[in-house]
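Engineer: Sequence:
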Amino acid sequence: MALKWVNENIEFFGGDPKSVTVFGTSAGGASAHYLLKSPLSEGFLARAWSDSGSINHVWSMMRTEDAAANTRKLANHFGCSMTGSEEIVECLQKIDALELMREIDRMTPKTMTLDCPFNPVIEP
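Take the sequence shown: its position 40, counted from the start at 1, is 40 in UniProt numbering, and no numbers get skipped.
Treat the hints as calculated values from the structure; they're not laboratory data. Fair warning: this is a prediction, and the values are worked out from it, not measured in the lab.
Lysine-lysine pairs mimicking PhoX-like chemistry, simulated, CA-CA at most 20 Å apart:
1) Lys73 / Lys94
2) Lys4 / Lys37
3) Lys18 / Lys4
4) Lys37 / Lys18
Assemble the whole structure, with the sequences as input and the hints as a guide.
Structural biologist: Pasting the structure below:
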């Protein structure tokens, strides 16, 4: 959505829609790399500059099953209905962001700084 907006409006800022470059450092670098590889970016992106981050880093991707299990664990902590993903999302959206972050921090292993319960996944 952001790349589409840039494509439609960049000329108003003196830019060229055929010459858009995204840049990111660390996790942002991995995001830039993902954008470059995504077919959804086709036509909206000419280049990506990934500084100190890549889709090949161990922290830049996790198995969908692991992310789903962590989401269920988080939802269970807050007493969310486990009948379906839509219900879980609706429930978690109602939780105060600070409370969510505290619980995610509690879920994050303290022995490894690169091990996080939530990372990007590739959805079908």
